[in-house]
Structures are given as structure tokens and as C-alpha cells.
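Could you build all of it, start to finish, from the sequences and the hints given here?
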Amino acid sequence: MKNETLIPQLGVITDVRIDTPDIKTFRVVTPDGKKAFDHRPGQCAMLSIPGVGEAMFSITSSPTNTEYMEFSIKKCGCVTDWLHQAEPGQQITIRGPYGKPFPVDDVFAGRDLLFIAGGVGLAPLRSVINYCRHYRDRYGKIDIVYGSRSKDDLLDYKEIIEEWSTDSGVNVHLTIDNPQEGWDGHVGFVPNYVKELGFDTNKVAVLCGPPIMIKFTLEGLCSIGFEKTNVYTTLELRMKCGVGKCGRCNVGAKYVCKDGPVFRCDELDELPAEY
Amino acid sequence: MRKCSLDKIDLVFAQIAKNAALYLPVDQTDGSAAYKKWEEGTVWSGALNTVRSPKDFFFPQTEDLMRFKTEGKNIEIIDTRTEGEDFVVFGVRACDVKSFDILDRVFLSEPVDSFYANRRAHGVIVSLACTRPSETCFCKTFGIDPAEPAGDITAWKTETEIFFRANTEKGEQLLSKIAALTEDSDDAVVKAQKEQIGKIMDKLPLKNVTTDGFGGGKTDELFNRPEWDELSQSCLGCGTCTFVCPTCQCYDIKDFNTGNGVIRYRCWDSCMYSEFTRMAHGNNRLTQKERFRQRFMHKLVYYPENNDGLFSCVGCGRCLAKCPISMNIVKVMKKIGGETK
Amino acid sequence: MQKVTREQLLNKASELLSNGTVSCVLGWAAGEFDYDVTPKMFNCVEELNAGFVFNDFCGANVSKYLVARAGKCEGKILVFLKPCDTYSFNQLLTEHRFDREKVYAVGIPCEGMADIAKVKAVCGDGISSIDTTGEDMKVTTLYADAPVSVAAADVLAERCINCKSKKHVAYDELMGEEGDVIDSARFDEVARLEAMSPDERFAFWQNELSRCIRCNACRDACPACTCEKCVFDNPNSGVENKSPANSFEEKLFHIIRAFHVAGRCTDCGECSRVCPQNIPLHLLNRKFIKDINEFYGDYQAGAEVGSRAPLVNYTTEDLEPGEVFDRRDNNA
Chain A
1 MKNETLIPQL
11 GVITDVRIDT
21 PDIKTFRVVT
31 PDGKKAFDHR
41 PGQCAMLSIP
51 GVGEAMFSIT
61 SSPTNTEYME
71 FSIKKCGCVT
81 DWLHQAEPGQ
91 QITIRGPYGK
101 PFPVDDVFAG
111 RDLLFIAGGV
121 GLAPLRSVIN
131 YCRHYRDRYG
141 KIDIVYGSRS
151 KDDLLDYKEI
161 IEEWSTDSGV
171 NVHLTIDNPQ
181 EGWDGHVGFV
191 PNYVKELGFD
201 TNKVAVLCGP
211 PIMIKFTLEG
221 LCSIGFEKTN
231 VYTTLELRMK
241 CGVGKCGRCN
251 VGAKYVCKDG
261 PVFRCDELDE
271 LPAEY
Chain B
276 MRKCSLDKID
286 LVFAQIAKNA
296 ALYLPVDQTD
306 GSAAYKKWEE
316 GTVWSGALNT
326 VRSPKDFFFP
336 QTEDLMRFKT
346 EGKNIEIIDT
356 RTEGEDFVVF
366 GVRACDVKSF
376 DILDRVFLSE
386 PVDSFYANRR
396 AHGVIVSLAC
406 TRPSETCFCK
416 TFGIDPAEPA
426 GDITAWKTET
436 EIFFRANTEK
446 GEQLLSKIAA
456 LTEDSDDAVV
466 KAQKEQIGKI
476 MDKLPLKNVT
486 TDGFGGGKTD
496 ELFNRPEWDE
506 LSQSCLGCGT
516 CTFVCPTCQC
526 YDIKDFNTGN
536 GVIRYRCWDS
546 CMYSEFTRMA
556 HGNNRLTQKE
566 RFRQRFMHKL
576 VYYPENNDGL
586 FSCVGCGRCL
596 AKCPISMNIV
606 KVMKKIGGET
616 K
Chain C
617 MQKVTREQLL
627 NKASELLSNG
637 TVSCVLGWAA
647 GEFDYDVTPK
657 MFNCVEELNA
667 GFVFNDFCGA
677 NVSKYLVARA
687 GKCEGKILVF
697 LKPCDTYSFN
707 QLLTEHRFDR
717 EKVYAVGIPC
727 EGMADIAKVK
737 AVCGDGISSI
747 DTTGEDMKVT
757 TLYADAPVSV
767 AAADVLAERC
777 INCKSKKHVA
787 YDELMGEEGD
797 VIDSARFDEV
807 ARLEAMSPDE
817 RFAFWQNELS
827 RCIRCNACRD
837 ACPACTCEKC
847 VFDNPNSGVE
857 NKSPANSFEE
867 KLFHIIRAFH
877 VAGRCTDCGE
887 CSRVCPQNIP
897 LHLLNRKFIK
907 DINEFYGDYQ
917 AGAEVGSRAP
927 LVNYTTEDLE
937 PGEVFDRRDN
947 NA
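Protein chains in written order, with the numbering used here: chain A, 1 to 275; chain B, 276 to 616; chain C, 617 to 948.
Incorrect hints may appear among the rest.
Said to hold, decoys possible - Taking lysine-lysine pairs in the DSSO-like style, the calculated list, with each CA pair at most 27 Å apart, reads: (1) C:Lys-845 <-> A:Lys-75; (2) B:Lys-564 <-> A:Lys-258; (3) C:Lys-688 <-> C:Lys-782; (4) B:Lys-610 <-> C:Lys-688.
Claimed, not checked - From the derived model, a few chain A residues whose C-beta atoms are all more than 10 Å from chain B: (5) Asp-15; (6) Gly-33; (7) Glu-70; (8) Gly-110; (9) Leu-237; (10) Lys-240; (11) Val-243.
Stated by the list, open to error - Chain B stretches covered by chain C per the calculated footprint, using a threshold of three residues with CB under 8 Å from any CB of chain C: (12) 305-317; (13) 474-483; (14) 509-519; (15) 543-551.
Hint data in this document are derived by calculation from the structure and do not stem from the laboratory.
No experiment lies behind these values; they were computed from the predicted model shown.
Idealized CB from N, CA, C, for every residue including glycine.
This is the structure in C-alpha cells:
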């Protein structure tokens, strides 16, 4: 019988890291300890627990990690609730990779990059950030703006502080929504912070976060002179098949699972406003 | 071309059924027709068409995809797929045959849906020309000729005879199996019938429904048309149109816990349902207007944009006959696109 | 043929629109053919003139639309109600599903509505026109040389053959003469099913429900089904489903739905009218109505606003479950 993409393979959760009160990062390998499949930065995978359901998650780990995959998952529904109570050793199912990746090898090559994330929106960006850090000499300067509700809601905090912040040519700008004891960094919403920082408009910007943050940050970027053709984001809609057949994530002539989740912002303007 | 007397049609069915499961339209107790498996004594319906479309044969309303067994933290994935058995679908109308092309482009594009492909590979389609189209028929709008249906074999039925023409190798093979019951024929009778059908087609009330104004690249122009409000205002949000439609193919994947393992199955879904796009943290189509618009934009704009201009409607008229509030694609096309050709 | 004409209704609607009594009209719009009528909200006289229709095919019960519509436009909605529609109207009011103050109801007489399937059974397919203005229906088809005359009685919808009432139980204004509640034979078919052996009855429903495609049309058209979130749409309910995964679920949906509307169903018959697979769903509801009548005394949901259905109105005289059980044994 031919390969069937809807039939997943087995995965094992080998490590669960508590990132924030509602986000955990799960390390997944196959039962024989290998990485389930290769992927590109920005691509997704379908994870499922039989009897509970299946859901699409962006792969947080970099493709350059050849040992395992990581998924940073916010608790917000059936599947994620279940995953949050899972312990290492738990088997799950995994299929993928799905979707169009970030154009890291062509568009991004040689360019200064600006990554902007809000909350769990860092999850899909972590993959591409670490990919670009890995191939550091292929890219120009890297700026990362990351904000969340509070210090405790910052994802991958240890990695950000210990690895990203210490890289040469990588600038990390953190912000939280409201003042908090023990926080001497920037306070304020991401869109405003981006405007305050006032980046060179020749960069390629990559945006990910809650829809409202994307909307205002994109407006902010445009107001300081960014062209939409230089701004990328990722969409999230309900998905079931992951391969552009079940119809659920169809917006205009595009399927977010297959033609996305990565879109250039000027491409989004061509879609009906239904995402 | 081969022909056989209708007196012998049951012998033909019996002969076909020797080698493959044979399905054909049969009258049900409620007066409508449905595809049923032929067995001795089954009477072939004379109805124009079935309420359920033959898409069921390749994309059934529910089908198991796989099974799981779980024990503690461990999962076993059981691939329950089996190679399908050969079957013949007899009496498929031109519109419905065309619907298979439309479904093929979805399910047979990469990555190929093996469940659909398996059934498609094992199915032989014997189509049947229409002689008495209904007022709800508008297949011509989509370039379909009801007198020349595609399929592996095309059949034409008169009062007394049935004519067969093989169109594919599969069709040739099937025809050879019933060769002893059929005889060679010229196409004079069929030609005459085609002419007759042509005359009826010119009288159909929906003959002027046109696809002008629709097609790929029309999203901007059509998406925000004010007429969507009025067209959708009475929509009940049921799934009748999508479920009787031969080309609607959206599906859901769900898990069913049997108590002794989990069955992951898929079932038809409908973009008309409020739940279709709902996620844990929001829904991108909150109103029935948006959902209604999605269905028609998909058939008339999005699908053709991705499929070389092919529309995702075959003019079978099922939604015209079955919508509880009589709102349908013809009314949408006339209101949004205009009528004259 | 209906006693009240399209023109009379148009005049009434125009009058009420122009004197400011109402600001919009809930009625029926003409379709592609003479029979495919769509419920529609008309906002002005021009819209009414262009599209309003009233004929033997206006069976759709528009009262449920008031749940979504009443109060959404400025001023009142004019709604035309046939006698059976008024029962749904009252039942919806009893359940506080819309604001009575936002509605102006005009009761209109009904001579019974036609079933297009029956018309086609008599005249054949390929209908080009149906003239319903005369005593008999005149049907022109693509395949008959001359129009066929059909007696209206021969093509009446089942629910109209068994019409329970020509009396309007709710209106602000009545057109034509008031009719009476009818002692109809609507429970005869239920009695026939009751007389079957359990196996026969199971086979009957098995055959009927096997055609179900779970399109939800019955639920979505039903004036008693106005839950904001149906249990069958709720992924957390455990019974949410879009298709019959097996023959058990096929029946489960209809049985649960029948229970949910028991005591509230007015027997308007919309479920069976809209079913694309011609499943006689009304028989499930009628069985409940018949049982309620027999157990608790005659009760007609929607007959009056605010009445408490016997099933939600405990009295010490209520029969004991055991009596129901005994009765079942006697029947079987």
C-alpha cells in the first residue's frame, strides 16, 4: 500500500520543560530515539493522542538539530490540555512536516533580520532564529524583539539570556506588558517598542504572535517605512488533514496548512480578510 | 458500439456481478432512488438520479483511517487499510461522472489520498446518458453534455435497448465480459437520441445560467459584494447542500473510543457548520454569511483558481431540489454573476 | 389554491409599512421556479413587489426566524403566520425566544400546502410552470404536450392532509375568516406503528433512518430547536458528530432530538418537510404527543402562551412510571 500521510508515526516525549505557567516545551523522538523526520524552519507537524485528537503545532527546534524535535505548546484546548499532563516516556503520534517554510536560503540570505514575537508566538520563530544563528555567516545582523505579559510568560528565557544575548551580531530586545518586581528591562507593548527601537527598513522582518499584536506591529513597521514585501508572518487556522484537502483552513484560494503557515504580508493583502 | 435488449439487462447485471460488486440506482420505499448493491431480483431504477451522489463510492461519508491500541504510555498504530475489491457503478449521469474529475484533483494530487486512490483504482464507471433532464438541471453551464457522459463505459438507454461504448481499457475489459449478451451495433439510434436530448437542453429553464463573472482571480471583485447578505440571510446553516453535492469534499478527522482501542475515522464535514473553523481560541468565520459565502466562493472562484479554471460544480441540481429554504448555487450565480450568456 | 392571494398580502404589507406599524416584512420570496420559495426579510415595498410570493408552496414556517431577527431592525417585523405557524410562534414566546413587542403578526388562512414531490409523482419531472391560482393546479412540464390539471387535495403535504388546526392561536390582526381546531387523523400512523411488533417497528425505523445523511436540516429548521449551542455541535459533549459513524449513532441523533423537543413540539412538520431523504421524522414527535395526551390529558404545545407542558409540570395526579411500563407490556 502506498504511503498515507494521514497515518502518523509513533513519537515519544522524552523531556518536558515548563516554560511559563501555561506553556511547556516537549522534546519528541521516535521510539528508537531518532528524529522523526527532517523539516525546514517554520514548518509544522501534526501531533496526536489517540482518543483525544490531533492538532497542528509549529516545530520549535531548529532543523539543524538532528537529534530530536521540540514543540512549545500553550495549554488552550483538548489536545494541549492532555499534553500538559503528559510525562516523559509518553508516546504520541506525529506526522509531517507540513507547510511552506521561511525562505531562509534565498530571501533571507545576506540580509539583516528582525524577528518580532509576542507570547507563544516565539515558538515558530525559535526554529528560524536558531537556524540563522547556526549558519551565522549567511546572514547580516539579527535583531530579536520579544514581549509577553510578564517576565514569567517569556518563553525560552534561559536560552535567550544564555545563548542568544551572548551571540555577536545578535541583539535581543525584551519587553513585558506591565512593570514587575525584579524586572529592570523594557516595559510596554511590542508594537510600540518596535517603533521606539526604530529599525533600519532594509531588514527582513518576521512577525509572530497573537493576531492583535501582528496587526499593530505590522502597522508600526509600515509607519517607520518597512515594505510589506519585506515582512513575513505565520497564520494559524483550524486544520485537520495538513495537506490542503480537508478544506478547513481554506482562505481565498490558499490553504494555510499547505500554502502557509508562512506568508509574506503583501500576500496576505490578497486574501479575503478571514484569517 | 455494442447493444443489448433491455429484456436481457438482468442477465448483463448478473454477468457483471460475477466478477465485481455491482452498484446501481434502485428505488427506495420513500420514492427516491439510491445506489444499492445488485443482487438477484434487484430492479434498476428509472429515476433521473439519486439523492446521494455517487461520490460515496470513492469518498464515503464515514471511513476508518486507522486504529490505535493504547496501554499505559504506549501506543500501537494499526494500519487497517486493505486493497479494495473491484466494483462497478452502473448508471452514473454525466454530471456525476464529471464530479469524479473534480474530486480527483483534490484527492489524487500530492500527497495522494491512498483511501480515495484505492477505491478509484478498483471502480469501473458505467455512465448513462440522460433523456429526460429535470428543470433543476444545468450541467451545460459547466460544459457537460448529458448525452455524452464520460466514464469507462458510456451507455444510452432507449425504451427497448441499451447501447454501450467503451471509453477506457477498464471499460473494454468489462464490455468483453458481457460480450456474449451484447451484439455489435451502429450508432444510428444513439445519434438520434443525442439529437433529441439536444433539443430538450435548449428548452431547460436554467439553460442561461452562466459562469461568466466567476473564476480564478475574482476574489477581490466578488468577496465583498453586498448581495451575500441577502442571499445568505435565510440560510439555516444545515449541511444538506454540502452532503448531497457530488463535488463537496471537505472532511473532518475524528477519534472514536471503542472501549477497546481507538478508531480514527474521517467523515464528511460542511463549511456551512459553525463549528467547521472553530479553534480553541477563536473562529475566523463567525457568521452564517461568511460560511455561506465560503461555500460558493470556493466552488466558483477558489477551486477554479487552483485547478485551471475548472469549476467545482457540475450542475446536477441536487441542492436546488433539496435545500430546505430553496437557496442554491443557481440563485447565487444569477445574483452575483448575472444571467445572460 | 389559497383563499388569500399574493396581492392581498402585498397590500396588507404595503399598508403596514407605509403607516409605520412595521419596518420590515418576514415572508416568502419567489425562486427560479414556481415552487422553490425562500423565506426572506423584505425591507420596503419595492422589494416586496419584486420578490414576494404567496402560493401553495409557501409551506416554510418562518416563525423561527424571529429568534434571530426580532429586535434586530428598527420598529416591528410584520410576520405572516399560517394557522400551524401560530403554534410555533406561541411556543417560542413561551420559551422567551423573542420579544413579542417587536413583532406584528398577521394571521392568514391556509388551505393546505402542496408537496412538490407529490406534484412530480403525478405530473412527472421537468416542471416548467405551476399555476396555483385556479381551483386545480395547472402544471406544465417539458415532456407533456399540454398542462396537466391536478386537484390540490391530491398533492397536499402529509402534514396538511392531517392538519390539526385552521385556527390561529396568535395574531395582532387576522385576514380572512377564523377556522377551527380540527379533529384530525394525525395519530393514525403512530397507532399503526404502535400496533407493530417491536421487531417490525425496529425494521421500520431502521429502514427510514438508514437514509439519514446527518445534514441537520431537521434540527436547523425545527422551531423547537433553538438552543444557542446544540449538544451535537459541542465537541465537549461526547456526542458531537457530523455523520452517523455507525447505525447506532444514526438513530441516536433522532431519538435524542425527539426527546429534547418532547412536550414542546407543536407538530408543525417542518422536520419532515425539509428532510432531503424523506424520513417521516414527524412520527417520532407525534408518538410523544400522543403519549402525552394519553398519559396527562390532551395537551397541544403552543396553543397558548405560557402553558406549562405536562412533562415539566409535576402534579401529584401524574401517573406512576409503573403504569407506563404496564401499558408498554400490554401493547407489546
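Now for the hints, and whether the structure bears them out:
no.: 1; hint: C:Lys-845 <-> A:Lys-75; verdict: holds (24 Å)
no.: 2; hint: B:Lys-564 <-> A:Lys-258; verdict: holds (26 Å)
no.: 3; hint: C:Lys-688 <-> C:Lys-782; verdict: violated (30 Å)
no.: 4; hint: B:Lys-610 <-> C:Lys-688; verdict: holds (25 Å)
no.: 5; hint: Asp-15; verdict: holds (14 Å)
no.: 6; hint: Gly-33; verdict: holds (15 Å)
no.: 7; hint: Glu-70; verdict: holds (19 Å)
no.: 8; hint: Gly-110; verdict: holds (32 Å)
no.: 9; hint: Leu-237; verdict: violated (6 Å)
no.: 10; hint: Lys-240; verdict: violated (5 Å)
no.: 11; hint: Val-243; verdict: violated (5 Å)
no.: 12; hint: 305-317; verdict: holds (count 4)
no.: 13; hint: 474-483; verdict: holds (count 5)
no.: 14; hint: 509-519; verdict: holds (count 9)
no.: 15; hint: 543-551; verdict: holds (count 6)
Comparing the model with each earlier hint shows violations of hints 3, 9, 10, 11; every other hint is respected.
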